[in-house]
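My request is simple: use the sequences and hints to build the entire structure.
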Amino acid sequence: MSIIIFDGVCTLCNASVDFVIRRDKKNQFQFTANQNEAGRRILEEQGIAPGDSETVFLFENGTLYQKSTAALRIARSLGFPWSLFYAGIIIPAPLRDAIYNWIARNRYRWFGKKETCRLPSPEERAKFLA
Numbered sequence: 001m002s003i004i005i006f007d008g009v010c011t012l013c014n015a016s017v018d019f020v021i022r023r024d025k026k027n028q029f030q031f032t033a034n035q036n037e038a039g040r041r042i043l044e045e046q047g048i049a050p051g052d053s054e055t056v057f058l059f060e061n062g063t064l065y066q067k068s069t070a071a072l073r074i075a076r077s078l079g080f081p082w083s084l085f086y087a088g089i090i091i092p093a094p095l096r097d098a099i100y101n102w103i104a105r106n107r108y109r110w111f112g113k114k115e116t117c118r119l120p121s122p123e124e125r126a127k128f129l130a
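Numbering (my numbering), first residue to last: 1 to 130.
What you were told as hints is all true, and nothing was included just to trick you.
The calculated label-pair distances, taken between Cβ atoms and stated as ranges, are: (1) A130 <-> L95: 34 to 42 Å; (2) G47 <-> A87: 23 to 31 Å; (3) A126 <-> F19: 17 to 25 Å.
For the record, the hints were derived by calculation from the structure and aren't laboratory data.
By construction, the Cβ of each residue, glycine as well, lies at the ideal position given by its N, Cα and C atoms.
Rendered as structure tokens:
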């Protein structure tokens, strides 16, 4: 099982989680906000400051991926046509991450910020770590 760690108060991040949940036909992802205990614990174990909400993380097979690499690996797992985005992995990470960082810096201004973390529906609850 792969774990997506996201910014729980970011509207864009929450919309991305909804997008993945709807397309995760193989039930391969679990989710936790970096503000939650489970998210903080995973990040700390991987040497990442848990307050870093500028990126999405993917914890998969003991490896922590972040920024554009995490996003592309997630897309690859969603099947066609989303898996086609993984071709972007050939672009050097510093270039991909420069675009990712620009979006991350502006996401609250463009998409908004919630006052509280996303609460999963009863049907989604098993997919979320506390």
